[in-house]
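Starting from the given sequences, assemble the full structure and let the hints guide the process.
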Amino acid sequence: MERKNSAKPALARPDQLDAISVNVTSTVTELDAPPSPSHVSICSSIDVEIDRYDTNHPKRGIALIFNQVQFKSMSRRDSSDRDRDSMSSVLSRIGFDVRVFNDLKRKELLAELESVAAEDHSQNDCLVVVVMTHGKAKNHLYASDTCYKAKKLWEPFIGNECPSLRGKPKLFFIQACRGEKLDNGAIVRVRRMITEKSEKGEISYVIPTMADLLVMYSTYDGHYSWRNPDDGSWFIQSLSYELRANVHRLELLHILTAVSRRVAYEYQSNVPYNEKLNAKKQMPCIVSMLTKLLYFQQQQ
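In the working numbering, the protein residues as written are 1 to 300.
Hints may contain errors.
[Claimed, not checked] Heads up, simulated DSS-like pairs for lysine-lysine below, C-alpha to C-alpha not over 30 Å straight-line:
| hint | residue 1 | residue 2 |
| --- | --- | --- |
| 1 | K281 | K138 |
| 2 | K281 | K59 |
| 3 | K105 | K138 |
| 4 | K152 | K72 |
| 5 | K181 | K72 |
| 6 | K107 | K152 |
| 7 | K149 | K281 |
| 8 | K105 | K152 |
| 9 | K181 | K281 |
| 10 | K292 | K149 |
| 11 | K276 | K72 |
| 12 | K72 | K107 |
Please keep in mind that the hints were generated in silico from the structure rather than gathered at the bench. Here the structure is a predicted model, which means the values were calculated and not measured.
Written out as structure tokens, the structure is:
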């Protein structure tokens, strides 16, 4: 489960984990390995000399939010609705067609992914998928009834499966535990210093099937991911904040680095009744196969 952390003192509810059970001795863990590249090549008409993704399409694109709160045999994920609403709000402001799904079963969730992959994305800038759930080892995430491999999220959208998204960024954000390891943190002492183009034309290129994909996990491989039962998860709340503040100003990886920094530096678990879980840290992880810079320009 997610461990709980809060900036609030005494009266704040303790932080939680997004693993299967809050029991630290549980044998279930979460691991989300990077996607395995395919050997199939895809031919796509894109301009490889331009170093930015085209975000001037008529539509921003579709954003899917899968919010899992209730489970058949696992603990409830308190405050996940707050995360859902935060992400839905900021993605709508950016211009996405936001589609929210709550407590889907495995079959329903995978069917929604396949359905969206079958749509025409030719007028869209990109795709975003956000998943908030419990997880365990070996790349497993949980629907309300059972688990599925994390790679099932992006497989329908890769180059050889979804032609209208070829050469376009596909962004996946996963809030879930990836193991049962706890991060005790390390002390860092900082010394502070005080001081006073070519002709346009369409050319076809062969690109890897896994190109233009980014997966950002809420925590590093093998570790717990924390969520405050009142305020939401550290990761999703940080992601929402940084997107809201900087999405039209900074490049995406710059923004995501700020998310990692915020989670790493500003949060620490608050579980005063359990010394084993108290005062722990969390480090998000970015797996990027993007081939260009991504700026979300304000739509006219």
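These are the hints, each one checked on the structure:
1. Distance check on the hinted pair: K281 and K138 sit about 22 Å apart at the alpha-carbon level, within 30 Å; holds.
2. Between K281 and K59 the CA atoms are separated by roughly 38 Å; this puts the pair beyond 30 Å, and the hint is violated.
3. As the CA atoms of K105 and K138 are separated by approximately 20 Å, the hinted pair is consistent with the 30 Å bound.
4. Only pairs whose Cα atoms come within 30 Å are accepted, and K152 paired with K72 is accepted, the gap being roughly 21 Å.
5. Under the criterion of a C-alpha separation no larger than 30 Å, the hint pairing K181 with K72 is consistent with the structure, at around 25 Å.
6. The suggested pairing of K107 with K152 holds, with an alpha-carbon distance near 11 Å, which does not exceed 30 Å.
7. Our distance criterion of 30 Å between C-alpha atoms is met by K149 and K281, whose separation comes to about 26 Å.
8. Taking the CA atoms of K105 and K152, the gap is about 14 Å. The hint holds against a cut of 30 Å.
9. Simply put, K181 and K281 have alpha-carbon atoms about 11 Å apart, close enough for the 30 Å limit, and the pair holds.
10. The straight-line distance between the Cα atoms of K292 and K149 is roughly 27 Å, inside the 30 Å bound, and the hint therefore holds.
11. For the hint pairing K276 with K72, the CA-to-CA distance comes to about 28 Å; that is within 30 Å, so the pair holds.
12. The straight-line distance between the Cα atoms of K72 and K107 is roughly 14 Å, inside the 30 Å bound, and the hint therefore holds.
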